[in-house]
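J.: I would like the entire structure built from these sequences, with the hints used as guidance.
2 protein chains.
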Amino acid sequence: MRREIIVFLTVVPAMLAAGQSPSSAPIFGFGPETSKAEQTWEARFKTIPDAKRVHANMQHLAAHPHNVGSDYQRQNAEWLVARYKEWGWDAHIERFDVLYPTPKERVLELVSPSHFVAKMDEPPLAEDPYTHEKSTQLPGYNVYSADGDVTAPLVYVNNGMPADYEVLQRHNISVSGAIVIARYGGGWRGLKPKLAAEHGAVGCIIYSDPADDGYAQAEVLPKGPMRPPGGIQRGSVSDTTLYPGDPLTPGIGSVPGAKRLKISEAETIMKIPVLPIGYGDAEPLLKALAGPVVPAEWRGGLPMTYHFGPGPAKVHLKLVSAWGQKPVLDVIATMKGSEEPDVWIVRGNHYDAWVNGADDPISGQSALLEEARALGELAKQGWRPKRTLIYTAWDGEEPGLIGSTEWAEAHAEELSKHAALYVNSDENGRGFFGAGGSHELEELVNSVTKDIVDPETNVSVWKRQQAALLVRGGRRGGGTPSQDALSQTTLPIEAIGSGSDFAAFLDHFGIASLSIGYGGEDRSGTYHSAYDTPWFTDQFGDKEEVYGPVLAQTAGVLVMRFASADVLPYDFTSMAHTLKQYDREVKELVKSLQREAETRNRNIEMRLYAITDDPKQGLQPPPSLVAPPDVDFSSLDEAIASLEKAATHFNAARAGMGMLNAEKRKELNAELTTVDRKLLGDAGLPRRTWVKNLIYAPGTYAGYGVKTLPGVREALEQGRFTEATEQLVIVNKAIGDEANYIEALVAKFGAGQ
Amino acid sequence: MRREIIVFLTVVPAMLAAGQSPSSAPIFGFGPETSKAEQTWEARFKTIPDAKRVHANMQHLAAHPHNVGSDYQRQNAEWLVARYKEWGWDAHIERFDVLYPTPKERVLELVSPSHFVAKMDEPPLAEDPYTHEKSTQLPGYNVYSADGDVTAPLVYVNNGMPADYEVLQRHNISVSGAIVIARYGGGWRGLKPKLAAEHGAVGCIIYSDPADDGYAQAEVLPKGPMRPPGGIQRGSVSDTTLYPGDPLTPGIGSVPGAKRLKISEAETIMKIPVLPIGYGDAEPLLKALAGPVVPAEWRGGLPMTYHFGPGPAKVHLKLVSAWGQKPVLDVIATMKGSEEPDVWIVRGNHYDAWVNGADDPISGQSALLEEARALGELAKQGWRPKRTLIYTAWDGEEPGLIGSTEWAEAHAEELSKHAALYVNSDENGRGFFGAGGSHELEELVNSVTKDIVDPETNVSVWKRQQAALLVRGGRRGGGTPSQDALSQTTLPIEAIGSGSDFAAFLDHFGIASLSIGYGGEDRSGTYHSAYDTPWFTDQFGDKEEVYGPVLAQTAGVLVMRFASADVLPYDFTSMAHTLKQYDREVKELVKSLQREAETRNRNIEMRLYAITDDPKQGLQPPPSLVAPPDVDFSSLDEAIASLEKAATHFNAARAGMGMLNAEKRKELNAELTTVDRKLLGDAGLPRRTWVKNLIYAPGTYAGYGVKTLPGVREALEQGRFTEATEQLVIVNKAIGDEANYIEALVAKFGAGQ
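Read top to bottom, the protein sequences are chains A and B.
Residue numbering for the first sequence is 3 to 755, as defined by our numbering.
Residue numbering for the second sequence is 3 to 755, as defined by our numbering.
Since the hints were made in silico from the structure, they are not lab data.
Just to be clear, a hint being listed does not mean it is correct.
Since the list gives no way to pick out one identical chain from another, each pair is judged satisfied if it fits inside one copy or across any two copies.
[To be verified] When the alpha-carbon atoms are kept at most 16 Å apart in a straight line, the in silico EDC-like pairs for lysine to aspartate or glutamate are as follows: (1) Lys668 - Asp524; (2) Lys289 - Glu221; (3) Lys264 - Glu44; (4) Lys419 - Asp615; (5) Lys320 - Asp632; (6) Lys38 - Glu415; (7) Lys618 - Glu523; (8) Lys694 - Asp123; (9) Lys338 - Glu416; (10) Lys694 - Glu379; (11) Lys338 - Asp92; (12) Lys465 - Asp616; (13) Lys289 - Glu44; (14) Lys452 - Glu379; (15) Lys106 - Asp149.
T.: Below is the structure:
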């Protein structure tokens with residue numbers, strides 16, 4: 003489900019750039035002796051992952067459509083369990099029965115000024131046999147849309163994001179009572195109908211514009227990799243910013259007998275009907291719009307003038323779903339730890355897809371399988387992880403991170419106590435390494451990526467990341483080249499919010515989490531369509547699967563290090579330095595909101611909008627703004643300073659802790675495991691109690707995107723200034739508690755220092 | 003010809019924002035008594051310009067195609083002379099016979115992989131009677147293209163600007179031996195074939211992409227104002243950065259008996275054949291290109307994937323012109339000054355057009371005529387300018403500023419001695435006031451625009467300009483709002499280079515010049531096409547001509563003030579402050595070139611391009627750069643400081659000078675008239691001796707666009723570092739000479755202070 007792989011934008015202060023030469027110094031988290039043994043095992047491990055096996059996994063898992071509840075998904079689950087067992091793991095299926103609507107009736111037609119019926123069909127390609135399996139394909143739909151039957155004037159809302167509604171307001175155009183047509187992109191799809199409904203719209207159509215992943219980007223299928231006119235982006239519109247998982251069981255596992263909400267009570271189900279279409283179907287609708295011409299940023303790639311509407315286009319949208327329960331089949335494989343079995347490392351990637359999903363998610367899942375096989379192989383050679391590994395294949399990610407969320411909720415108590423790390427991957431491809439997650443893992447990630455060789459350039463994947471920062475500001479380009487990266491020995495990882503299976507672990511349980519993968523080179527326009535098939539991968543993707551084994555090596559080595567380090571390889575100084583940056587950001591946010599309100603209100607008072615607007619365009623001035631009061635952030639500064647101090651103490655004590663006897667270390671690591679639970683708020687975030695992480699959360703109006711220090715930041719952004727200061731108290735206390743907890747560990751276990 | 007009206011980007015230091023309250027204080031350049039008289043006459047003057055007459059002028063002048071040498075252009079010239087005489091002016095035609103090629107044969111065809119013959123025709127519109135006059139329309143062509151008959155593979159070069167060739171180099175694509183197809187925009191059209199030829203191309207096609215002025219912007223004709231598929235942008239490709247005017251008589255008037263170059267000796271004539279086409283003809287050519295997909299910034303609005311080529315598209319381009327002489331008919335009207343007849347104010351706007359030219363240039367010319375009529379009317383009421391007014395209608399602007407250049411060159415001696423001001427306008431439309439030119443006129447411009455009322459908002463046009471700076475950073479939007487504008491009492495005027503008839507006056511003769519006009523609200527895609535007609539203006543333009551009278555008021559009042567001020571209203575502090583800004587810019591240029599070279603060369607040495615580029619794309623690293631040495635700008639700092647000091651002395655002496663007796667003032671103003679000649683370099687700029695202004699010049703690789711301190715700046719940009727220091731000496735001396743000249747005037751005439 004996750005489309006955007008993490009990009010590197012932030013820059014870590016040079017003071018982080020201390021030491022760490024991977025070749026000579028011990029591996030981070032290990033002592034000189036244990037490091038040598040670890041290096042020997044890692045060297046063996048890295049030779050095992052095999053591109054051909056990754057490719058075979060992909061061909062098997064993506065051979066047929068395998069969405070939630072499908073027969074082939076059940077077969078895949080059984081096949082996965084069999085493989086894990088074959089490789090020496092304990093493995094089983096955990097089943098959750100969840101609400102999963104599928105389409106019964108879909109009607110979209112232009113009823114005036116002319117008549118046009120949308121086809122909503124993805125034509126099979128002669129070249130691609132997989133696309134012909136129509137009978138088992140789920141049609142194009144947005145799962146958890148409301149049912150509905152509406153006829154109303156059409157309004158084009160660009161991406162349908164908050165800034166777009168400001169443009170509509172300036173043009174005096176209301177979507178109240180209208181059906182909006184929004185273009186994919188600019189933000190999470192679920193925000194489009196959510197915001198449309200908040201503005202009074204009665205229906206929402208989302209289409210893929212050719213400017214974004216169609217012919218503007220490259221040739222379309224079958225000649226090239228981009229989306230053809232009929233290609234449809236399916237996807238969930240369940241409001242996962244409130245809570246992911248089964249909409250009927252927030253906070254608890256969907257086990258038999260669990261207390262379930264009524265459908266009408268489920269807040270995450272969309273309130274209006276919403277339907278995705280391709281640009282072949284969108285073009286006649288958009289062409290039938292009149293009204294003012296849209297601004298430059300709103301224009302797409304269709305050969306026409308884009309207008310706002312409303313009307314004269316009038317559209318009829320009818321959606322009826324079968325609101326039944328479907329089984330979600332998580333595959334859970336375990337390799338028990340030899341010394342500290344009660345410290346858990348959970349590794350996951352989903353395996354359900356919208357259709358065949360050769361890329362999303364199977365490119366990642368097939369690499370994860372090869373990683374699991376390699377670890378099984380290593381175990382046969384005598385290696386054992388000190389801590390327990392739990393490898394998972396999640397079902398039901400696409401409709402709303404259901405498999406991972408329900409499993410985590412069902413195992414809440416154990417996870418809270420035992421889980422020290424969650425490592426997620428999703429789709430994977432040629433290109434650059436990217437990572438996001440909890441910043442106490444930043445040093446670990448850097449230590450690993452320095453030891454993985456990039457197959458395209460034969461330098462370390464770390465070096466390639468650094469080069470991208472130096473040359474173009476990040477792996478996707480278009481950024482400002484960061485010359486600081488030259489002297490950095492620790493490259494930053496991004497913050498993450500939601501959009502893949504790490505959400506429950508990070509946002510709800512406060513488990514240190516990572517999301518990793520490779521990408522950025524091959525382009526495709528098959529996302530969530532029937533064209534994401536093994537044929538496509540062989541034609542346009544990483545057909546030699548060179549980055550499958552690399553992901554297996556990267557995640558495998560990372561898991562091995564975490565599983566066998568003397569002391570759990572958290573580095574809290576990275577966390578403290580990152581928090582300082584967020585602190586600076588929220589301070590600047592207050593100032594910029596003040597400046598913005600001052601300027602806006604002065605402009606209104608001086609009639610500057612009326613004076614500069616073209617009188618022929620009939621614009622209205624933007625609304626006035628309320629400026630936030632000055633906020634005293636000194637207690638946040640202090641909390642972070644105390645965390646930084648504790649982190650420094652911990653790092654100074656680390657080597658000594660590593661030489662404690664096994665029992666003491668076991669005790670230390672058990673206590674370390676739960677350190678990040680301090681960063682949870684008992685009450686959760688305002689208006690969404692499920693989201694408890696006070697440092698990272700999906701943005702209410704960002705969807706997959708993260709908001710850091712979310713309670714404070716969102717309250718400021720959304721004009722709830724009293725709430726901002728209340729939330730500041732809460733997060734300050736959490737950071738202080740984390741610092742105290744770490745200081746207590748140092749006092750208890752670092753006495754020798 | 004000039005398309006881009008001046009935008010306001012630069013911000014004047016707050017120290018410029020002194021005093022000046024137009025209502026109570028005397029008008030800038032006047033004393034308390036003379037100011038009152040002036041205000042009375044201005045008030046009368048402003049009531050005279052009449053929208054209906056402006057409209058009637060437009061309908062008459064643009065009734066038929068009237069390009070250089072056409073019968074209707076001759077009729078227009080005679081009509082103009084008659085009007086001026088009717089209004090009480092001395093008027094006559096001055097004729098220059100100049101090289102003016104017109105098309106005899108134009109062939110453009112795709113010869114493989116399939117066959118397609120370009121139509122190169124602008125279909126008449128049923129709605130617009132003017133578009134049917136095919137027999138007298140010049141077809142689509144680029145005047146001063148080379149003749150040629152070439153068949154070669156096609157390469158798409160985006161805008162064909164220097165940065166585009168860097169992209170081509172990275173993709174290892176050569177245009178040597180190829181025909182390039184460039185998209186209009188991004189820089190002056192003549193640079194496209196010039197750069198293509200410098201890179202070895204044998205032909206050049208320029209097309210109008212629908213993203214730029216076609217359906218992406220608004221509906222196309224006849225439904226909306228934008229360019230239809232057949233619409234062609236004609237235009238000159240004579241290299242006016244070397245010299246404008248008749249290519250055969252650089253530096254001298256094309257009078258009978260003038261020494262003429264052979265055509266083969268004329269450096270400004272393009273070296274390869276070049277042809278403009280519409281997007282209807284371009285689409286099949288572009289669709290036949292293969293090769294890599296172009297980067298995002300290169301993509302246009304056609305519904306296809308844009309590729310670089312070269313090939314498989316192969317194109318045949320054949321152009322043959324009739325290389326004959328044609329008459330250029332300048333209309334010159336004079337109103338002699340009552341007190342200082344030997345101080346001249348020249349006011350101009352061209353009246354030749356590519357076809358009907360209702361907008362370009364007649365929207366401006368018809369307003370200028372109304373301004374001239376109003377001044378004539380005022381003279382009948384008893385008003386006389388103290389100084390001589392020369393109102394002109396230039397012919398031959400479109401092919402290369404010919405009428406203005408030849409006239410100026412033919413009157414070189416008189417102009418050098420007498421001309422104190424040149425005021426240009428070109429096309430004019432609804433919206434915001436814009437001005438560019440010599441910065442000693444900045445204060446005068448501001449004093450005028452505070453006294454002109456904007457008809458759409460009923461605030462002064464100055465206030466509307468300020469509001470645009472405050473709300474959106476300038477009248478075209480998209481800039482950073484400048485909060486400084488709130489406290490500024492002097493808004494900045496832009497520097498100008500070329501692109502309209504001020505070029506000879508400013509660049510060659512060092513006459514203080516301005517380019518002014520209104521615009522920024524109505525959009526059109528008719529530029530230089532057969533669709534720029536009176537019908538179009540009435541349908542989509544400023545059909546009530548509300549901004550015609552406003553331009554007449556603005557320019558008229560400006561001319562009146564300059565014509566009757568006690569002391570010529572130059573303010574050299576504005577000049578000095580602006581030079582300080584250019585000084586900062588060239589200092590920063592050295593540093594940024596040094597940084598760029600350092601980064602580039604390090605990246606090459608560290609193989610960072612090889613490491614970050616997708617190996618499947620076969621890119622090559624960019625070339626290494628030579629960093630400029632440190633440059634000592636202290637002598638420039640000192641020269642500007644001396645000018646600032648002189649300017650301050652002059653301003654302090656101004657009031658006293660204004661009270662000198664008439665004879666003394668006459669002597670002072672005669673000497674002031676030539677002050678800016680000090681800013682000329684005798685030898686001209688390197689490799690283009692015609693361009694003598696050392697402060698403002700058209701950029702060699704900017705076309706119409708200006709380069710300030712051009713000798714120094716271009717030498718740095720183009721890597722000739724020795725030349726940069728040589729040019730620095732020359733411009734320092736010129737600025738110092740100007741300062742000395744002003745100090746001498748103060749000493750001679752300001753003794754009473």
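J.: All hints, please: hold or fail.
T.: To see whether the hints hold, each was checked on the structure:
no. : hint            : in the structure
1   : Lys668 - Asp524 : neither (45 Å within a copy, 75 Å between copies)
2   : Lys289 - Glu221 : between (23 Å within a copy, 11 Å between copies)
3   : Lys264 - Glu44  : neither (51 Å within a copy, 78 Å between copies)
4   : Lys419 - Asp615 : neither (60 Å within a copy, 45 Å between copies)
5   : Lys320 - Asp632 : neither (49 Å within a copy, 70 Å between copies)
6   : Lys38 - Glu415  : neither (36 Å within a copy, 89 Å between copies)
7   : Lys618 - Glu523 : between (46 Å within a copy, 9 Å between copies)
8   : Lys694 - Asp123 : neither (41 Å within a copy, 67 Å between copies)
9   : Lys338 - Glu416 : within (15 Å within a copy, 99 Å between copies)
10  : Lys694 - Glu379 : neither (39 Å within a copy, 80 Å between copies)
11  : Lys338 - Asp92  : within (9 Å within a copy, 105 Å between copies)
12  : Lys465 - Asp616 : between (52 Å within a copy, 15 Å between copies)
13  : Lys289 - Glu44  : neither (59 Å within a copy, 52 Å between copies)
14  : Lys452 - Glu379 : neither (24 Å within a copy, 83 Å between copies)
15  : Lys106 - Asp149 : within (10 Å within a copy, 67 Å between copies)
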